[in-house]
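Protein chains in written order, with my numbering: chain A, 96 to 479; chain B, 96 to 479; chain C, 96 to 479; chain D, 96 to 479.
A portion of the hints provided could be inaccurate.
All copies of an identical chain are treated as equivalent in the list; a pair is satisfied when it fits inside any one copy or across any two copies.
[Claimed, not checked] Cross-link-like lysine-lysine pairs, in silico, DSSO-like; alpha carbons within 30 angstroms at most: (1) Lys340 x Lys102; (2) Lys276 x Lys419; (3) Lys102 x Lys342; (4) Lys102 x Lys116; (5) Lys419 x Lys192; (6) Lys419 x Lys148; (7) Lys148 x Lys192; (8) Lys214 x Lys102; (9) Lys342 x Lys320; (10) Lys192 x Lys102; (11) Lys320 x Lys102; (12) Lys191 x Lys419; (13) Lys443 x Lys243; (14) Lys214 x Lys148; (15) Lys243 x Lys419; (16) Lys320 x Lys340; (17) Lys243 x Lys192.
Hints were generated in silico from the structure; no laboratory data involved.
Residues per chain, in single letters:
Protein chains: 4
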Amino acid sequence: MQQNEKKTLRIGLLGFGSMGKTHTWSVQNLPFFYASLPFAAEVVGVCTTSQEKSERVADEFGMKIATTDEDVLINSPDIDIIDICTPNIYHYKTLKKAIGAGKSVLCEKPLCVSAEEAKEIAALPLFGGQICGMVFNNRWLAPVMRAKQLIDEGRIGRILSFEGKYLHNSATDVNRPAGWKQDSTVCGGGVLFDLGSHVIDLLGFLCGPLVEVGGMSQIAYPTRKGRDGQDWETNADESFYLTGKTKDGACGTITVGKLQVGTNDDLSFEIYGERGALRFSLMEPNWLYYYDNTATDAPIGGMRGFTRIECVSRYPDLCFPSPKAPAGWLYGHLASMHAFLSAVADGKPFSPSLNDGLYVQKVMEVAYTSDQIGGIRMEVPPCS
Amino acid sequence: MQQNEKKTLRIGLLGFGSMGKTHTWSVQNLPFFYASLPFAAEVVGVCTTSQEKSERVADEFGMKIATTDEDVLINSPDIDIIDICTPNIYHYKTLKKAIGAGKSVLCEKPLCVSAEEAKEIAALPLFGGQICGMVFNNRWLAPVMRAKQLIDEGRIGRILSFEGKYLHNSATDVNRPAGWKQDSTVCGGGVLFDLGSHVIDLLGFLCGPLVEVGGMSQIAYPTRKGRDGQDWETNADESFYLTGKTKDGACGTITVGKLQVGTNDDLSFEIYGERGALRFSLMEPNWLYYYDNTATDAPIGGMRGFTRIECVSRYPDLCFPSPKAPAGWLYGHLASMHAFLSAVADGKPFSPSLNDGLYVQKVMEVAYTSDQIGGIRMEVPPCS
Amino acid sequence: MQQNEKKTLRIGLLGFGSMGKTHTWSVQNLPFFYASLPFAAEVVGVCTTSQEKSERVADEFGMKIATTDEDVLINSPDIDIIDICTPNIYHYKTLKKAIGAGKSVLCEKPLCVSAEEAKEIAALPLFGGQICGMVFNNRWLAPVMRAKQLIDEGRIGRILSFEGKYLHNSATDVNRPAGWKQDSTVCGGGVLFDLGSHVIDLLGFLCGPLVEVGGMSQIAYPTRKGRDGQDWETNADESFYLTGKTKDGACGTITVGKLQVGTNDDLSFEIYGERGALRFSLMEPNWLYYYDNTATDAPIGGMRGFTRIECVSRYPDLCFPSPKAPAGWLYGHLASMHAFLSAVADGKPFSPSLNDGLYVQKVMEVAYTSDQIGGIRMEVPPCS
Amino acid sequence: MQQNEKKTLRIGLLGFGSMGKTHTWSVQNLPFFYASLPFAAEVVGVCTTSQEKSERVADEFGMKIATTDEDVLINSPDIDIIDICTPNIYHYKTLKKAIGAGKSVLCEKPLCVSAEEAKEIAALPLFGGQICGMVFNNRWLAPVMRAKQLIDEGRIGRILSFEGKYLHNSATDVNRPAGWKQDSTVCGGGVLFDLGSHVIDLLGFLCGPLVEVGGMSQIAYPTRKGRDGQDWETNADESFYLTGKTKDGACGTITVGKLQVGTNDDLSFEIYGERGALRFSLMEPNWLYYYDNTATDAPIGGMRGFTRIECVSRYPDLCFPSPKAPAGWLYGHLASMHAFLSAVADGKPFSPSLNDGLYVQKVMEVAYTSDQIGGIRMEVPPCS
């Protein structure tokens with residue numbers, strides 16, 4: 096009975112690439128991982144560019160509506176939440192419509208393809224109970240959540256220096272056709288958009304916003320195969336190197352790229368404060384490395400050293416599987432979805448917000464501009 | 096249409112502790128992870144010791160039958176497979192009934208509580224299409240599958256030495272009530288049954304069967320709290336140390352325990368051959384460490400060294416998420432379930448078999464006997 | 096002036112294989128590494144089996160006496176300390192003579208080739224200022240010294256379980272001629288003597304003495320090349336697997352071998368206590384891994400996790416090079432020599448003592464006996 | 096006899112801080128580590144700013160000449176080599192005199208305090224047998240030497256991206272008085288000079304010279320204690336972040352700092368090529384991590400992964416201690432000194448040369464200029 100009285104959050108999903116599928120997985124898996132959820136959630140409909148694909152997906156994953164027209168979902172009274180997993184270039188128009196239609200909205204990163212678009216979106220008025228937010232799934236990895244706690248508790252003190260990296264290896268294969276993520280006419284940018292947005296958000300979340308950045312882009316393969324198999328002029332950065340300062344004076348670098356062989360999904364950061372330091376790598380998703388600089392420094396070592404904190408699967412509200420079972424990449428998306436849906440169910444604001452998305456957009460835009468004029472450091476305009 | 100023509104494998108699940116839930120998760124998640132599955136699968140019914148619990152579970156996870164009487168499932172014409180996730184002591188009786196009823200059976204480790212029971216079970220006649228097998232989920236971790244490949248290809252040559260360990264930390268908290276896994280009257284043994292069975296199977300799978308073992312058990316806390324909160328005499332080993340030889344002359348040790356603080360789910364092995372070596376740890380589930388002793392050994396290092404092979408999520412038939420997304424503990428169960436259901440769908444024998452379960456049972460029994468008479472090494476009787 | 100008034104400790108060195116050279120290096124390097132040494136030290140003479148070699152060594156390393164007759168050094172009034180680096184089988188006779196001659200004695204491990212010999216040696220009366228001790232150089236690695244401190248401070252509480260390993264790869268090359276360390280007629284034993292003695296001492300030092308052990312030896316290559324290039328029957332264990340209990344009830348295993356490809360100088364231990372755990376590997380000589388089980392265990396990790404304590408080069412009295420400069424293998428010997436010579440200079444007892452050497456001898460002898468009768472666990476007779 | 100016929104290289108040492116002592120250690124330790132050296136070497140004299148110190152050092156380490164006047168050594172006919180270990184600001188004048196006096200010269204990094212000075216020095220004419228070179232000791236670590244081999248063999252192909260870091264933690268203690276290395280009036284620069292010079296040389300050596308760099312400096316503590324204990328305005332960068340491109344188009348970053356708590360002597364690099372990648376950290380001095388991107392990429396991992404090449408102590412000409420004994424920081428200096436003295440003995444040019452020193456100086460100077468004008472990337476003028 097109680098089960099039936101739960102509010103069901105009804106989701107309309109736009110796009111069913113890897114993110115659309117991941118979001119569906121997250122929604123459908125909530126009952127396994129979270130005990131006594133106070134809400135139910137259902138992906139009610141899906142929109143892709145092909146009716147055949149939409150129907151196949153709907154059939155396979157139990158969705159009621161299959162369409163190629165996003166307005167069907169955006170305007171449906173049976174849908175509470177629009178979940179945007181389409182290519183970046185379409186986000187802006189969809190966001191405007193969905194927010195205008197009074198829906199709650201969850202948007203995959205990056206928010207838009209320009210700061211101007213993003214600014215407009217972040218300024219849209221919201222109505223009662225309308226909750227909007229971004230998917231920055233890496234915020235929701237247990238070690239990242241633990242890092243945030245430690246920073247907020249003052250465990251590493253004033254932050255002095257940082258390094259963020261996100262390295263893939265896909266761009267070294269020249270014969271592999273460029274996908275939409277490599278096409279700046281669809282993506283709005285290159286690897287800085289695709290991978291850099293994650294790192295910029297993560298370091299902003301942990302270290303505070305960047306106020307000044309300089310950029311250096313790299314295209315190692317000016318010509319490669321396009322999606323049609325023809326020769327194609329690379330129009331998007333394959334690696335990007337950023338230097339920056341936060342408003343509190345911390346300095347550091349961000350490196351993102353798809354030219355780095357030997358990497359898998361190598362997102363990592365190092366954060367150095369006055370009282371301690373933090374290190375994390377997504378390829379070791381069970382651990383946060385924490386250094387307590389206030390520990391005793393005595394001969395033969397005292398107590399100084401990095402502690403590999405056991406984050407493993409110890410989310411506060413996760414009931415499955417064992418809290419000691421090694422965690423994987425999916426947990427970030429699962430916890431992100433859980434937090435967003437909880438916010439919607441409770442009618443409370445969600446963070447990362449659209450404004451957080453705007454911040455990331457601004458940093459990327461300034462970094463690209465800096466690169467174009469020789470790398471000089473430029474101010475990032477404040478977000479509010 | 097094609098979707099509808101797929102054969103649906105109908106599962107009756109006995110027990111819904113952590114393993115019952117994990118198996119349900121695996122079954123329900125197959126469509127996400129495996130593209131174009133040639134079969135469908137459904138957990139049709141669940142049996143627990145409480146009707147209330149069975150109904151709650153059935154409601155939450157969409158099962159049709161909720162019961163406290165396993166015979167309802169075992170004898171149901173609407174069920175093809177009995178999946179046994181009950182305490183060890185009940186396996187024997189259930190296995191006999193389910194196999195006798197012509198069902199395919201998947202049985203959580205260990206097979207039974209004695210070698211005698213296990214022997215009888217492994218000898219039961221099977222009828223056409225009846226597929227039976229064990230859940231030794233760690234065989235199905237990508238690095239373990241890769242280890243098996245490398246061994247079968249002769250990459251490490253004749254195996255000379257091995258070490259297997261499975262370490263938990265749960266038994267050092269004396270105030271934590273003993274669960275059924277700590278109660279040998281329900282479990283049939285102690286940590287050797289619970290964790291040791293995994294290691295014995297894994298090393299048997301990779302190095303060939305042990306033919307001689309000696310054992311040493313340890314109870315560090317002779318008195319602890321029982322499940323009723325009262326003082327309770329510990330009746331099961333909290334750590335177990337085994338030395339053994341394989342039929343090919345490899346020697347080594349197996350250490351399992353729940354007394355090891357600082358561990359999470361620390362299953363690991365090292366295997367040393369004439370031509371190479373392998374190392375794995377479940378807490379680093381993305382990698383297999385492989386040493387090629389035939390590589391050049393030249394000044395300043397040559398090419399000798401452990402290669403951390405990127406297993407990550409690169410299962411041959413996994414389509415979700417990215418093959419480079421860090422994997423977690425659940426993948427072992429997912430792949431185990433996929434392989435078993437594929438075997439059932441195809442009517443082909445499944446390995447690990449009940450006979451593999453019998454082998455593990457024999458090793459454990461001999462190890463316990465050896466321990467009781469002072470640790471002298473004893474022969475493990477062959478399995479067939 | 097003050098410099099000239101320092102007492103000079105005059106050493107007579109027996110043997111100039113790798114250990115003889117290492118000891119000479121240690122003595123001659125003390126002034127670089129230790130500030131304001133209160134004594135001076137000099138290797139005054141060397142004895143090897145070849146006069147030509149003795150002279151070459153003496154010439155190269157500035158020693159005054161070159162001989163093939165150890166009595167020349169043992170009986171010289173110009174020598175205070177006899178440093179024994181000869182093959183094991185010769186230790187007993189030399190020890191008796193040197194101790195009888197009133198010399199201080201430093202003896203490479205193992206003390207003798209039998210417990211009976213060792214017992215006699217350990218019982219020899221010493222005269223005023225006569226300081227005798229063993230070289231168990233691994234006790235003097237910074238992380239091992241730190242481990243001892245932590246244990247003595249009660250940081251890991253009652254020790255429940257241990258594992259010690261020392262793995263080399265030299266025995267897998269069948270064409271490599273056996274050296275004296277592989278010849279039990281010279282060495283007194285096999286790898287248990289050569290590598291096992293280190294581990295037995297180390298774990299005894301850290302966890303307290305073993306009172307019960309069982310053994311399993313392994314010879315993987317019954318025939319190999321001898322030192323004369325001829326076929327040779329292997330007469331010494333190539334790997335050895337030991338299970339044991341300490342007097343305080345800790346249980347565990349020791350594995351030593353030269354059959355393990357992929358290893359270099361892989362000495363390691365894991366020690367599990369009620370309140371914490373310790374891990375060390377000689378191949379990572381800069382760090383001790385320490386787990387504090389009393390740290391907070393909260394969601395998303397709390398403060399639980401292994402801390403990699405920075406031991407690096409932070410010996411309390413080392414002045415060179417930087418305390419943060421990565422340390423190597425030589426530091427163990429350097430610090431061992433420094434401690435022994437300091438003890439001699441001060442006329443204070445040195446530990447590891449000859450009695451510690453006797454303890455190791457007894458454990459090895461019992462382990463060999465156990466192996467010969469099938470691995471049954473046997474009592475280790477107490478040392479005093 | 097033969098011993099006496101060897102040519103003895105006579106060294107005059109200027110400065111006896113940590114580098115002066117390290118060089119002395121290296122010279123005096125050569126006979127232990129290198130078998131049958133074709134030359135002998137002796138530190139004949141030492142010059143420091145205090146006669147008392149010079150005498151104490153000379154007495155302790157067996158040097159004949161103790162002086163406070165470098166000209167005594169530079170002009171002595173009994174000295175072949177001037178070894179410069181003085182503060183940076185004095186290098187220029189000393190180099191001119193020593194080279195002018197016909198001596199071979201070994202100079203600690205950096206070469207000078209300005210590119211102009213360095214250019215003049217690198218252009219000085221040398222006479223027959225006069226060998227000059229730089230101490231960039233990290234080039235001589237076994238894993239770095241192995242990295243160079245692999246790159247030269249084409250194992251990683253065209254280099255696309257790099258990262259170099261050298262992180263210390265000394266500048267976060269505001270109460271620790273600034274030493275000369277923190278005083279740009281003595282050092283000529285800050286951490287970019289002290290630590291950055293190592294990284295710039297190392298990456299230049301491995302990846303080819305940088306042709307374009309942008310810089311960002313950081314002073315986190317504008318006021319700290321000076322060497323006199325008084326408040327002191329920090330005049331030198333405490334961290335420095337550099338982005339750059341090599342002449343072959345590789346892009347990357349260099350980060351150096353003394354603000355990074357949790358570090359010891361954390362020099363590291365990552366180099367990404369088309370066919371492979373390399374990683375190294377000085378705090379793991381036994382290993383080079385090498386990724387072979389031409390290895391098979393098959394399901395469950397194929398053979399792809401980083402191989403931790405065992406460099407350990409496997410210098411081609413090192414005879415002590417075991418090639419498998421873990422190596423430490425001193426090996427870089429030892430091998431550097433061995434190579435330089437071998438070059439002098441053979442009358443052959445030595446690399447790293449003074450021109451290599453000039454290159455490093457230019458990069459640092461351009462990076463500082465870039466920083467002063469907002470970080471815009473600037474061309475590094477070619478060195479010859």
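Hint-by-hint comparison with the structure:
1. For the identical chains of this complex, Lys340 and Lys102 are neighbours neither inside a copy (45 angstroms) nor across copies (57 angstroms), given an alpha-carbon limit of 30 angstroms.
2. Only between protomers do Lys276 and Lys419 lie at most 30 angstroms apart by alpha-carbon distance; the minimum there is 17 angstroms, versus 35 angstroms within a single protomer.
3. Proximity of Lys102 to Lys342 under the C-alpha cut-off of 30 angstroms is found in neither arrangement, the shortest distances being 42 angstroms within a copy and 61 angstroms between copies.
4. Taking CA atoms no more than 30 angstroms apart as the test, Lys102 paired with Lys116 passes in both settings, with 23 angstroms inside one copy and 24 angstroms between copies.
5. In this homomeric assembly, Lys419 and Lys192 never come within 30 angstroms of each other (Cα to Cα): the closest approach is 43 angstroms inside a single copy and 35 angstroms across copies.
6. Taking the shortest Cα distances, Lys419 and Lys148 sit within 30 angstroms of each other only across copies (25 angstroms), while inside one copy they are farther apart (38 angstroms).
7. In the homo-oligomer, the alpha carbons of Lys148 and Lys192 lie at most 30 angstroms apart inside one protomer (24 angstroms), although the nearest pairing across protomers, at 45 angstroms, exceeds that limit.
8. In this assembly of identical chains, Lys214 and Lys102 lie within 30 angstroms of each other by CA distance neither inside one copy nor across copies; the values are 33 angstroms within and 52 angstroms between.
9. For the homomeric pair Lys342 and Lys320, the shortest alpha-carbon distance between copies (26 angstroms) is at most 30 angstroms, but the shortest distance inside one copy (42 angstroms) is not.
10. In this assembly of identical chains, Lys192 and Lys102 lie within 30 angstroms of each other by CA distance solely inside one copy; the values are 25 angstroms within and 43 angstroms between copies.
11. For a Cα distance limit of 30 angstroms, the shortest separation of Lys320 from Lys102 qualifies neither inside one copy, at 49 angstroms, nor across copies, at 42 angstroms.
12. For the identical chains of this complex, Lys191 and Lys419 are neighbours neither inside a copy (43 angstroms) nor across copies (34 angstroms), given an alpha-carbon limit of 30 angstroms.
13. Taking identical chains as interchangeable, the C-alpha atoms of Lys443 and Lys243 lie at most 30 angstroms apart only when both belong to the same chain, with a minimum of 20 angstroms there against 51 angstroms between chains.
14. With identical chains, the CA atoms of Lys214 and Lys148 are never at most 30 angstroms apart, being 33 angstroms at best within one copy and 51 angstroms at best between copies.
15. Taking the closest pair of Cα atoms, Lys243 and Lys419 come within 30 angstroms of each other both inside a single copy (21 angstroms) and across two copies (26 angstroms).
16. For the identical chains of this complex, Lys320 and Lys340 are inter-copy neighbours only, at 25 angstroms across copies versus 37 angstroms inside a copy, given an alpha-carbon limit of 30 angstroms.
17. In this homomeric assembly, Lys243 and Lys192 never come within 30 angstroms of each other (Cα to Cα): the closest approach is 34 angstroms inside a single copy and 54 angstroms across copies.
When the structure is compared with the earlier hints, violations turn up for hints 1, 3, 5, 8, 11, 12, 14 and 17 and for no others.
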